[in-house]
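Listed below, chain by chain, are the residues.
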Amino acid sequence: MRKFRLGGLIGFLAVLAVVAYASLAGITGSASLDISAQAQEAGNVPGKSMGNSSDSEFWRKVRRGTQGKVSIPDVKSAVLINSEGSAWRAARNGPVSFWGGVIVAGSLAFFFLFGLFHGRIMIKGGRSGEVIPRFSQAERWVHWFVAGSFMLLALTGLALLFGRYVLKPVFGPEVFAIVANASLQSHNLFGPIFIVGLVIMIVLYMRDNLWQKGDLDWALKGGFLNDSHPPSWKYNLGEKVWYWSIFFGGLALSGSGLMLEFPWLFEQLTQLQLAHIVHAVAALVLIAFSFGHIYLGVWGVEGALDGMTQGYVDVNWAKEHHGWWAEEVLESNTSVVEGASDAPPNTKSPAPAE
Amino acid sequence: MFVEFVEGPLWYFSAAVFVLGVLWRVVGIIRLKRRAKDLSVPRASATVGALKAQVLHFVPHGGFSFRTVYHLVAGYSFHIGLFVLLLWGAPHIAFFETHILGFSWDALPRWGFVVAAQFAFAGLMLLWVRRISDPVMIKLSDKDDHVSAWLTFTVMLTGCLALQESVEALRILHMLSVEIWLLYFPFSRLMHAVTFAFSRGHTGALFGRRGIVP
Numbered sequence: 024m025r026k027f028r029l030g031g032l033i034g035f036l037a038v039l040a041v042v043a044y045a046s047l048a049g050i051t052g053s054a055s056l057d058i059s060a061q062a063q064e065a066g067n068v069p070g071k072s073m074g075n076s077s078d079s080e081f082w083r084k085v086r087r088g089t090q091g092k093v094s095i096p097d098v099k100s101a102v103l104i105n106s107e108g109s110a111w112r113a114a115r116n117g118p119v120s121f122w123g124g125v126i127v128a129g130s131l132a133f134f135f136l137f138g139l140f141h142g143r144i145m146i147k148g149g150r151s152g153e154v155i156p157r158f159s160q161a162e163r164w165v166h167w168f169v170a171g172s173f174m175l176l177a178l179t180g181l182a183l184l185f186g187r188y189v190l191k192p193v194f195g196p197e198v199f200a201i202v203a204n205a206s207l208q209s210h211n212l213f214g215p216i217f218i219v220g221l222v223i224m225i226v227l228y229m230r231d232n233l234w235q236k237g238d239l240d241w242a243l244k245g246g247f248l249n250d251s252h253p254p255s256w257k258y259n260l261g262e263k264v265w266y267w268s269i270f271f272g273g274l275a276l277s278g279s280g281l282m283l284e285f286p287w288l289f290e291q292l293t294q295l296q297l298a299h300i301v302h303a304v305a306a307l308v309l310i311a312f313s314f315g316h317i318y319l320g321v322w323g324v325e326g327a328l329d330g331m332t333q334g335y336v337d338v339n340w341a342k343e344h345h346g347w348w349a350e351e352v353l354e355s356n357t358s359v360v361e362g363a364s365d366a367p368p369n370t371k372s373p374a375p376a377e
Numbered sequence: 015m016f017v018e019f020v021e022g023p024l025w026y027f028s029a030a031v032f033v034l035g036v037l038w039r040v041v042g043i044i045r046l047k048r049r050a051k052d053l054s055v056p057r058a059s060a061t062v063g064a065l066k067a068q069v070l071h072f073v074p075h076g077g078f079s080f081r082t083v084y085h086l087v088a089g090y091s092f093h094i095g096l097f098v099l100l101l102w103g104a105p106h107i108a109f110f111e112t113h114i115l116g117f118s119w120d121a122l123p124r125w126g127f128v129v130a131a132q133f134a135f136a137g138l139m140l141l142w143v144r145r146i147s148d149p150v151m152i153k154l155s156d157k158d159d160h161v162s163a164w165l166t167f168t169v170m171l172t173g174c175l176a177l178q179e180s181v182e183a184l185r186i187l188h189m190l191s192v193e194i195w196l197l198y199f200p201f202s203r204l205m206h207a208v209t210f211a212f213s214r215g216h217t218g219a220l221f222g223r224r225g226i227v228p
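Sequence order for the protein chains is A and B. Heads up: the first sequence begins at 24 in my numbering, then just goes up one per residue. Heads up: the second sequence begins at 15 in my numbering, then just goes up one per residue.
Because the hints were derived from the structure by calculation, they are not lab data. Quantities reported herein were computed from a predicted structural model and do not represent experimental measurements. By construction, the Cβ of each residue, glycine as well, lies at the ideal position given by its N, Cα and C atoms. Some clues are possibly wrong.
[To be verified] From the structure, some residues in chain B lie toward chain A, with a derived Cβ separation under 10 angstroms:
1) Y84
2) V128
3) F135
4) A136
5) W142
6) I152
7) V169
8) L171
Using the sequences and the hints, build the whole thing.
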């Protein structure tokens, strides 16, 4: 049996104590074993034993979108993680898509049901057989040019925004990818063409869409819903609201669209994300409004389309829907001067004023 | 299977119909006999008049310039844009090299290709809008005019859709639309791309013989 040796035990305990102290000092980074130093403050590693910053703080800064430095011209690449992108994506796929879909589908449903139950607004006195000029050739040409490019942009834009919810489940991801690719290319190509047409149209149509005395009366008397058709100028308040929607919405659409068309001109991605949201909102509002314009212009109001296809409208239509304007035109007798040769067959221009 | 068909037999068939059809129409025009021989003494050269007309008719007569400014701008925008993107677009040059000519030339940068396409689209849309909204043009236009315009628009649109050159299906769609366009070309007013020279020559010769600037 081995003898118990007190000296050996003390030596062993001493070595154990030294090892334990060294371990704790190493863990805490403090010779006095101050355990409170384990908590990180402002990202600094206690005791500076592993550098000035911790990994967690480093990645926190990256996640917050801190901009570093790069030696290439694209300064946007100095941001490793664009955290605002998460907010943009949440807005784009959340409220913008949801409420945008509600507005567009709601508008379509509203005008469909309105047409179904209300029917067409007919010319009360029937067609008189006499016509007066309403839109010049330039006005008609620019209108149809803008309308055509707007429809193409609207279709491709809707495919891009709602395709993942509508096209992808029905046709599958491969077809959706092809449609999205094609839509993006045509959207980018037709955008600038639309802007040129839009600017010309805004200028051409502005004068008659400024505020005029009597505009509010037309609205207060029920507008086109009133069977007695309150009088209005060349454009009633509803049409003027549509014009100014195009003015502000179209300019927002164009400005934001140009930003997205030339993204390399902007240093901050947040600018492009904001532009995208503005672009989507303006487009969705204009698309929703356009259903009303198309419904009333093409089918809802008898005789309205003639003005935009032939340049002339029936006198009875003009008197019923735009009474003050019709009086002006008939008194000024401009019909025999401008575009009289464009009058459709079997109609006659009003007799010259005596 | 469909891809091979569009790139193979259908391409050769449509190209053959295009070439033979155009030749058939041109030979037919050349072989037309004059209705009555002009026995009057010529005051100037008919040939010179025909050649003058080829050049002078590229711009409207001075007296009509205001009336034709829309047509002039839209027409040149469309035709120049179309020819530029057809002849200097990088994908088209690559196609000509591999399928037809065997050699290539410098292509426009991508932005130039896109701008040419925008001019072509804007011009074509303006011309068609005029066709449907001008009371005279409506009456002068028939089904062939509209089919020709829409076929051309479709070819350009499918090309636009395939602009990124990364989706096989879009490229095939563009090629298919081009082949339909080629098949339609010789039997439609799209032939004006060739016959305009004969028309101008005939008019120029008539006027030139009478000593009038065509």
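Comparing the hints with the structure gives:
1. With a cut of 10 angstroms, the hint placing B:Y84 at the interface with chain A holds, because the nearest CB-to-CB distance is about 7 angstroms.
2. Given hint, B:V128 at the interface with chain A, holds; its Cβ is 6 angstroms from that chain's nearest Cβ, closer than 10 angstroms.
3. Against a cut-off of 10 angstroms between C-beta atoms, the interface hint on B:F135 holds, since the closest Cβ of chain A lies about 6 angstroms away.
4. Evaluation of the B:A136 hint against chain A yields a held restraint, the C-beta minimum of about 5 angstroms falling below 10 angstroms.
5. With a least beta-carbon distance of about 9 angstroms to chain A, the hint placing B:W142 at the interface is held under the 10 angstroms criterion.
6. Interface hint at B:I152: satisfied, since its Cβ lies 9 angstroms from the closest Cβ of chain A, which is below the 10 angstroms cut-off.
7. Taking 10 angstroms as the C-beta contact cut-off toward chain A, the hint placing B:V169 at the interface is violated, the least distance being around 14 angstroms.
8. With its C-beta approaching chain A no nearer than about 7 angstroms, B:L171 sits inside the 10 angstroms limit, and its interface hint holds.
Hint 7 from the list above is the single one not met by this structure.
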